[in-house]
Structure formats: C-alpha cells, structure tokens
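S.K.: Whenever a hint applies, use it, and build me the whole structure from the sequences.
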Amino acid sequence: MNKLKNSILKGLKKIAYPVCAIIVAIFISVFFVIWAKEDSVFHYFSTLTDLFSVIWKGSFATKRQAFTTLEYITPLIFTGLANAIAFKTGLFNIGVEGQFMMGMLAAGIIGVIPGLNVFIHIPLMIIGGMLAGGVWGSIPGYLKAKLGINEVINSIMMNYIALNIINLLILRTAIGEQRKAATPIIQISAMIPRFNNLSRANIGIIIGIIFAIFVFWLLWKTTIGYELRAVGNNPQGAEYGGINIAKNMIIAMGLSGAIAGIGGALQVSGILHQVQNFVDLPGYGFDGIAVALLAKSNPIGCIFAAILFGTLNSSSKILQLNDIPKQIVYLIQAVVIIFIATDYIVKYFKEKKKKKVIVNG
Amino acid sequence: MNKVIEMKGITKIFPGTIANEDVNFDLLEGETHVLLGENGAGKTTLMNVLYGLYQPDKGDIYVDGKLEKILGPNHAIKLGIGMVHQHFMLVNNFSVAENIVLGLEPVKGIKLNLKKAIQDVRTLSEKYGFAIKPEDIIEDITVGQQQKVEILKALYRGAKVLILDEPTAVLTPQEINELGIIIKNLEKEGKSVILITHKLKEVMRMSDRVTILRRGKITGTIKTKETTMDQLAELMVGRKVNFTIDKKPQVVGTEMLRVENLIARDRRGINVVNGLSLTVNSGEILGVAGVDGNGQSEFVEVLTGLRKAQSGEISLYGKDIYGKTPRQISECGISHIPEDRQKRGLILNYSLFENSVLGLHRKSPFSKGMVMNYKAIREYCKKMIKDFDIRTPSDEVSASSLSGGNQQKLIAAREISKNPDLLIASQPTRGLDVGAIEYIHRRLVDERDKGKAVLLVSLELDEILALSDRIAVIFDGKIVAIMDRKDATETKLGILMAGGSLEESKEEVKNFE
Amino acid sequence: MDNITIIVALIAATLRMATPLIFAGLGGVFSEKSGVVNIGLEGIMVTGAFFAVYGTYATKNPFIGIVFAIVAGMAIASIHAFLCITMRADQVISGTAINLFGTAFASFMIMKVFHKGGQTDTVTSLPYKLPKFITNIPIIGNLVKDLNWFVIIALILVLVSSFVIYKTRLGLRIRAVGEHPAAADTMGINVYKVRYLCVILSGALAGLGGAALSIGITPVYREGMVSGRGFIALAAVIFGNWKPKGTMWACILFGFAEALQIKAQSFGLNLPQEVYAMFPYVLTMLVLVGFIGRTAPPAADGVAYEKGKR
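Chains A, B and C, in that order, are what the protein sequence lines are. 1 is the number of the first residue of the first sequence in the numbering used here; add one for each residue after it. 1001 is the number of the first residue of the second sequence in the numbering used here; add one for each residue after it. 2001 is the number of the first residue of the third sequence in the numbering used here; add one for each residue after it.
Calculated from the structure, these hints are not laboratory results. Note that beta-carbon positions come from the ideal geometry of N, C-alpha and C, so glycine has one too. Some hints could be false.
To be verified - Distance ranges between label pairs, derived from CB positions:
id, chain 1, residue 1, chain 2, residue 2, range
1, A, ALA16, B, GLU1396, 14 to 24 Å
2, A, LYS5, B, MET1370, 48 to 58 Å
3, C, LYS2245, B, SER1315, 50 to 60 Å
4, B, ASN1093, C, GLY2117, 42 to 52 Å
5, A, PHE42, B, ASN1093, 57 to 67 Å
6, C, THR2059, B, GLN1055, 51 to 61 Å
7, A, ILE203, B, ARG1265, 57 to 67 Å
8, A, VAL135, C, THR2059, 43 to 53 Å
9, B, LYS1127, C, PHE2163, 44 to 54 Å
10, C, LYS2245, A, ALA246, 27 to 37 Å
11, B, GLY1190, C, PHE2163, 39 to 49 Å
12, C, THR2124, A, PHE52, 54 to 64 Å
What the hints assert, rightly or not - As a list, the in silico DSSO-like pairs of lysine-lysine whose alpha-carbon atoms are at most 30 Å apart:
id, chain 1, residue 1, chain 2, residue 2
13, C, LYS2243, B, LYS1115
14, A, LYS37, C, LYS2243
15, A, LYS221, B, LYS1324
16, B, LYS1343, A, LYS13
17, B, LYS1188, B, LYS1116
18, B, LYS1108, C, LYS2245
M.R.: This is the structure:
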C-alpha cells in the first residue's frame, strides 16, 4: 500500500510545477482579458470565472463542440511528441513546423492518386508524411551532428523554405489547382474515417495516442531510447559509455521530423483533405513546443498537454463572441512557456537553500 | 623585520573535510615564503582565505600589523595583496596591455587610451625585468609569458604581497629559471612573495622559508637554508602506517598492454602526452605515479578512445587498438574506472540499474535486438549492489542520490563485472572514505590475482605504493622511470615526480635510507 | 529603364530591406558580445514593429512611434535578461518564449486597439524630405532619394557600435565579460550589470529594427510580417564574426536577396515569387555551413555566469 502511495506522491510532485504554471498563466491572462474588455480590476474574480466558463463552454458544451475540440487536439499530439523526442536528446527542434508542413504536402500529393484501395492508400499517406518530415528533420540534424551548426537557426530557415516550396508547388505547378490556391481534394480512399458528421474529428487522434505510447516505449524500453536519453542527459558520460553522439543526434532529429510529418499527413487525410496556400507558418509546431515543455517531454504527458492547448485553441471562436479577443489563447500559451521554461525558478530556490546550508554548516 | 602578513589560528571547513585546521602562517617583508604540501593538503585553500575568496570559520588575519576582515578579491587588492592563480584569468584574444588594465582602464574623454595603457605596461614591465610586449595577444604568447602578465596585473594594482599558486607547474626549466630571477627582482623592490608548490627542487632554490602543510595542519616552518629535500619530503608526505594489503606473490604473466611513443596534443598544440611508452602485464598492477597535470589524464583518455592521439602505437595482447572508438576498445576487453565519476562515469539522472549497464546496454542479455530487457538488467544490478556492498535504498534511485563512495563502487562494480583483460583505474579512490578505499583496493588486487592486467593511475603515493607490483613515474608527458615495487621508496618517487633525477639526489637518497 | 537606373533602384531596395536586419543584427552583436544568446530577437522585432505603428496611430507622430518601438523592445528584452542572467534559465528556451509572447501580445493588441484581426490600419509614414542640393547630385542623388531615415540611422549606428565596442572602456569590459566572465569578475567588473545593459540595449535596437520594417517600409503592421528576420539577423551576426561592420555587410547581402524579389521583373528574370522568397533563407543556411569554424563566438556565449563558481 505504501509503495502505491509513494508512487502517487511522486507522480503528483512531477505534475505539480506544470499545473502551477498553468494556473499562474491563467491568472496573469485574466489581467489581459480585463484590459481587453476595458473592464475594472475589481471584476477580476468574475472575469476569471467568465474566462473558464467560456473556455469550457466553447470546447465541450455541445457534442458538436466537443468533437470539434478533438480536431484541434490531434495535430498537437504529434507536434508535441516531435518536440519531446528532440528535447530528450538535448536538442531543440523548432523546425517541427516545417516538418509537419512537408508531411502535409506529401499527403496532399499521394492522396490524389486514384485507384488505390483504402487499406493501401492511408498507410501510404502516413509513410509519405513520415519520409517527408523525416528527411526535412534530418538535414538540420546532420548539420548539427557533423558540423556543429546550431540546429535552431537552420530549422527555422527550413520552416520558411518549406513554406515557400509548398506555395510554389501549389500556385505554380500542376500539383495545385490554379484557381483554388490549393491541392485538389484527395481521393476518398485517402480519407481517414471521421467519427461522425458533427465535426472533422477522426481516428487520427487514436493514431496519435498510439504513437505517444510507441514513443514512450521507444524512449524507455529500447536501446535507441536509452542512448538518446543518455546523450540528452550527459553527452560526455554517454561518449564514455561507447555511445555515438553524432549518430544519435541525427536519429533524434530524423525521428522527430518523421512524427511531425505523420501528424501533417493525418491532418490532410482526416481534417483538411487538401493543402492550401500558406500565408504564414500555421503554428502547429510552435504549439507543439508548448505541449512538450508543459509535459516535460513525457510522451504520455504530451497527450494531456495537447488536450489543454487544443481546448484553448478550440475555444477561440467562442471567446470572440464573448468579447474576449481570441488572441488571449496565444497569450496564455506564451506565458505558460515563460514559466515552464523557467522551472529554473524552482531550481534557483533549491540552490539558494543548498548554499545556505554549506555556508552555515 | 616586520610581518607584512600574519594568519593566526585559521580554520576552514567544507562539508566533509577540514581543509585548514588551526593554521598559523606569517610572511616577513621582502622574503619569499613557500607553502609546501601534497595535493589536497590545504595550501590553496589557505591562500584563498587570504585573498578573500573564502571566509575563515575561525582565526584572524593581520595585514601590516592591523587586524583585517578580507571581504573579497577587490578588498584584498586594495590591501596590497595580489594573487596569480594556477589557472590564469586572462582573456585569450585581448592583448597583454588590455588584460592588465581591465577594470582600471586609462581614458581620454570617452575613448579608451590604449596608447597610455601600453606605455604604462611597458614601463612597469621594464622596471621588473620582464621581457613582455604590451601589444602581444595572450593566445600567441607562451605560458611563461602569460604568467608574467598575471604578475604584472597584480603589480599594476599596487600589490605589495604576491601569492603565486603552483607557478612552476606549467613552466619549462628555462622559464622556471627566469621566474627565479623575477622573484629576486621583486624582493629587491620590497615586495614579499608567497609561493604555493609541491616541487621540492624549486623550494630549495627559490625560497627563504618554507611552511609545510599536511592534511590541513602545519607540520613545520623552517628556514630553507637549514633544511634538505628529504627532510621536506618527510614532512610533506609523512610517516604514516603504510596501508599494506595482503597480496599474494605476483604470478608473472604475459605482456598485455603495450604503448610506444605515444604523442597527443592539447587545444593549444602542446604535446601533453610526449612520447610515452610503457607495458602492463597480465597478473600485475602497474601504478603510474605523478603530479596532477603531467599528462596522465590525457594518456588515459587516449587509451580509452576519448581523445585522438597524434602518433604512436597502442596494442592489446598484440592487437592494434590505436585510434579505436570507446565502444571498440571496450569490446576488445578494456574496462575503465574514470577519474571524474560524475562527468564521465555515470549518467547522474539515470537510475542505478540504467547506469549499471552503461556500455553494455547493447549486449545480451541486457537487450535483445532493440528491446531492452530491464528484468535482466535489474537482476544484474541487484547482484552488483550486493556483491560490492553499495549502500542504497533500491536499484531504482537515480545515481545522483548516492554518496561519492557508493557512486564509485557502482562504477567499479560495473567495470570489474565486465571481466576485462585490462582494467584501467584512474584516481579510483578520490574523495572516498576509508572503508570504500579499502574495498576498492581489495577488488583491484583481486583482479590482479585473477590474472588480469591493472593499470592504476593515481595522485596518491600511498595508494601506488600499497597496490603496485611495478611503478612508473610520469613527468611532463613521459614515463621517466619504471621500477619494481621493492626498489621504490617515497623519497625516490617524490624526487622523480618533481622532475628531479635519482642520480643528482643519490647522496640524499642514500642518506635517507 | 536603363541599366543604371535599375542598379540604383536595386541598391536602394537592398539598403531598405537590409536596414531592419542591421538594427536587429547590432542588437544581436551587443547581446552576444556580452555572452547572452538572444534567440528572442524575432519576438522583439515583432513587438517593435507593432508598437511603432501603434505609437504613430495614437499620437499621429511617427517619431513618437519610433520611441514606442524602442521602449517596447527594451521592456521585452528585460524579461529575457531577467530569465537568462538572474534566473540562469536556458537561453534558447527563454528566447523562444519571448518570441511567442511578443507575437501573441502584438496579435492581442491589434484586436484591442484596431478591433480587427490580422493587421492594423495604415498610419502616417515617416516623412523623408531631402534638400535639393543632395537630390540633384547625379546617380547618388537618385539613390539617396529612394532611401529613408532608418537606413541612414542604421549606417550611423553601425559606426557608433563599432566605436563603442572597440574603442571605449565600456566596450572592453563588454568583450571581457563575453570571453572570460570570471576574469572580468576578478578585476572588479560587475558581470551581471554589463550583461543586463547589453541585453536591454539589444532590445532597443531590435525594437528599432521592427519599426524600420513596419513604418519604415509599409506604414502598417501585418501579422507575420517579420517572418524570420530576427533569425536571419542572428545568422548575419555569425557570418559577420560578431562584429558590427561584418554584421552590416552580411545584412546587406541578405537584404540583397530580398530586394531581388522586388526588382527581379526589371531584370527580366521571371522566376516565381516563391523562389525569390526562399533566397534569404537558403542563403542563410549556405552561409552557416560555409563559415562554420571560421568565425568564432565570444568564448562564454550562451553560458550563464555563476559568481563564485570555480
């Protein structure tokens, strides 16, 4: 009985900080809401409850809305996982954005191929997304591993290159339908089944959960995961243990990109059914950073973090109708990251306590 | 002659050790006073207290007869105390002048007056007989010259007392001579110098008085003229009960490891391993004795594949292993207990059982193909914990929660359990308590008795003498002597480790024995 | 159009496009010279771009708009400074958080102030009238006519920055703090103070860069208008070997890549718009690959300083 209690306590301790961060972020965001509505600070508490109730209503009030929320959650599971794998290896794959988009492109192209059986077509879409994203992620990975070039700048460049390549193909080549500024709608055999006709939510979310479990298994039950985490924890100790640091960096970035690519492919297969011209980076990858940070790079945690941020995103329309700017959603997200990224605040105080002991002891 | 510095009853405690215990030390005006002791004796700590980097737990400091509480380096500098650290505090791509005036820069309006800085530095440098060009960039000048820059930094700020921490550790013989002359010039100008060192030769040549520290306590303060190298060696190393291990007589085996003319460079292009040759036989412990910084760490890194060598030959049982990766070397049958257990030996955030197979994780039964077999790993780890008496609540805790001694036991357990042909142990008992030390020693001897080859690299002379069948002394990146244990004495080794030769000190050696 | 006119127009466009990068790049130089990596330049530029427009809208005076941009940039940068220097947080994550926050905040403010999504109203642009005797100079006069005040300020600031970093006492200390903070510390220099100064200054400069982008080119703020320029500026810093003048040349190169997009028609080069749009990004990657190892950051760049850690 005690062992169970201990592991529950340990589990609670682990999520304590992320939960605190969310709460603090929401509290701070309420100030922004008040400012937006030009309300008075004395109405803080009512604004807080308003905010919560609107978010809740907007995401789960009706069956239709609940299923719509699933639409928003699905891609975030994938991009969250992608970021988590990179973080675990000590890398920052800010290029998930572009890798996701390349996955979308691959699916948009493969999805149009006629005359394929659905049981072949959908796996083909997924494989296409995996390869597209995997290659797109391996490039900055290789540059970092072999040449030591900062993966952050390179990944960001590749995000914009992806954007332009896709736009180029859609707008200027036969891949896109000229007047619609998008690829043609994919074949029915390429569409992943939706749950119902209330929304576009589909079994992609189940695939996402399966992948989360897979990534968890990979990281904690395989030799690959053992080596990746070792490199992320202590590259010198890993090197001593015979682990090839460069190889593992490339694997991490490639794997990260592959999962992002699968997410993109499923987004097209299940929700969008085509790839439209991008005006700006869509943001799935950046949301994924928030998901991974909140989940402390735990794959299963990513599912829950994706639910949180997906819900926030989904409620944006309703917020708008209630005079709360939907941008509040981005703000909450940004503030959460600021606090999460600095769980160093906790470390800071821990270290201060330690120092006091040494000086006095 | 008045005492410019007087330290009375200084005690400084760190968690786990008493670094200085009731230490009395004084410095007379115009003298050069050496602070002598082995690694870890407490010399640097004492001087860090004087320089304000640490606050003493007990005791007082008097500067020029006045009681002072030295709050920090800036305060010490204001009081006229300057320190030249063992690891230089110089900005590599700045010029000599820029480094010296940093913080006290001469200005013309808002513009930095580099011309005046250069002029001031040149004047100062000529005054003390340093051959330094103020415009030179630090990374282009020799280590000896860099040291002079550090000394000039202190003099520029008006230091009257100069503390030099292990100044000869990185100098060539000629540069050491130059340093001797510089110190004489400083004395002529009325400065007083404290030299921290463990090198007996320099003590005899450069100092007026010497104070010996051993394990935090003073064992003597003598006028250099009235003492000899062996008396100093005795006060430094001490007459302790030699910790002897019950050893079976050696069963001489075959040659296992052969290293010939190994050369390896550091980042600055200097040969840190400089033509090193040795052999280790199976069934023996070869101890490599030497002062820290003479290339032993880098040598071990080359042997274990963590550092690339320039040239040379390394073979294990006849098989060439030069230039192989850490994994390949491990598979050839070499295990390594690293000198930095937290940086190299363990993944601190990993659990004990995850650490127990570091390096073995791809082998069966610990993994089959890609899948790790944690059941087998945990059994393996539990057996290790039992066999090696590792104190831990369970095998699941993270390695960072273990004490240093238990961490080291875990690493030793892991490496010995690999059943290697050659076991390399680098500072295997650094920072451990007596019980853990005994235990590790016992296991090393067991391996030797089983017929394995053991290469022991250690800064602790006692350890080398207690365990080794043969002893090699490393100095300046080379092996300068190899002898059987029965021919080795502390004095002999001390002299060799300090760069001396047995020929020169033959008289002293004979007299001592 | 004759060739000279086209070339002059191209040079002018290059300078105009390079200017926001130059400001941000100078910010990056100061920050990194003192040892703090500032990935958040992008977010600061976004904030600066927005606030320049907002300030101009609120006061009908573009000069005040610029002041707004600088102050906003400094405010956001001080968050980054606090997180990285005092809290010793991971500088890359902190910078990313700043990016997201800056974008989110600007987005939020568009909604609040202008009551519509996506972009603000157009505001008064910065007046740029040069005396006749300058504009009448053949060729050069045409070139200068086509610039704006931001370009001129940027070029002046490059010279000023170079002077400060290499010829003043402050510059010496900044460089010491970035190379060997422990050494600077032992010489009595307050490492934290110097780093705070440099990071906040980088915020001011990046904010100014954002202003140069919004009211300097099209007097409107549109979501996504910064599109990675903050990161290109960082690459320019690397390419320019962490020196103001080198960074400026790198920014001009990237600005050229962008200007091509605008002026390509006149050359008769008819590649699709997207190909031109990719130039700056591909160029950045090539530059990084080509120059790796040949330029070196300050030795303590990206490493949080802990006083007393030996």
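S.K.: Does each hint hold? Answer for all of them.
M.R.: Taking the hints in turn, this is what the structure says about them:
no., hint, verdict
1, A:ALA16 <-> B:GLU1396: 14 to 24 Å, "21 Å, holds"
2, A:LYS5 <-> B:MET1370: 48 to 58 Å, "35 Å, violated"
3, C:LYS2245 <-> B:SER1315: 50 to 60 Å, "54 Å, holds"
4, B:ASN1093 <-> C:GLY2117: 42 to 52 Å, "50 Å, holds"
5, A:PHE42 <-> B:ASN1093: 57 to 67 Å, "58 Å, holds"
6, C:THR2059 <-> B:GLN1055: 51 to 61 Å, "56 Å, holds"
7, A:ILE203 <-> B:ARG1265: 57 to 67 Å, "60 Å, holds"
8, A:VAL135 <-> C:THR2059: 43 to 53 Å, "51 Å, holds"
9, B:LYS1127 <-> C:PHE2163: 44 to 54 Å, "33 Å, violated"
10, C:LYS2245 <-> A:ALA246: 27 to 37 Å, "35 Å, holds"
11, B:GLY1190 <-> C:PHE2163: 39 to 49 Å, "42 Å, holds"
12, C:THR2124 <-> A:PHE52: 54 to 64 Å, "42 Å, violated"
13, C:LYS2243 <-> B:LYS1115, "23 Å, holds"
14, A:LYS37 <-> C:LYS2243, "46 Å, violated"
15, A:LYS221 <-> B:LYS1324, "29 Å, holds"
16, B:LYS1343 <-> A:LYS13, "27 Å, holds"
17, B:LYS1188 <-> B:LYS1116, "27 Å, holds"
18, B:LYS1108 <-> C:LYS2245, "24 Å, holds"
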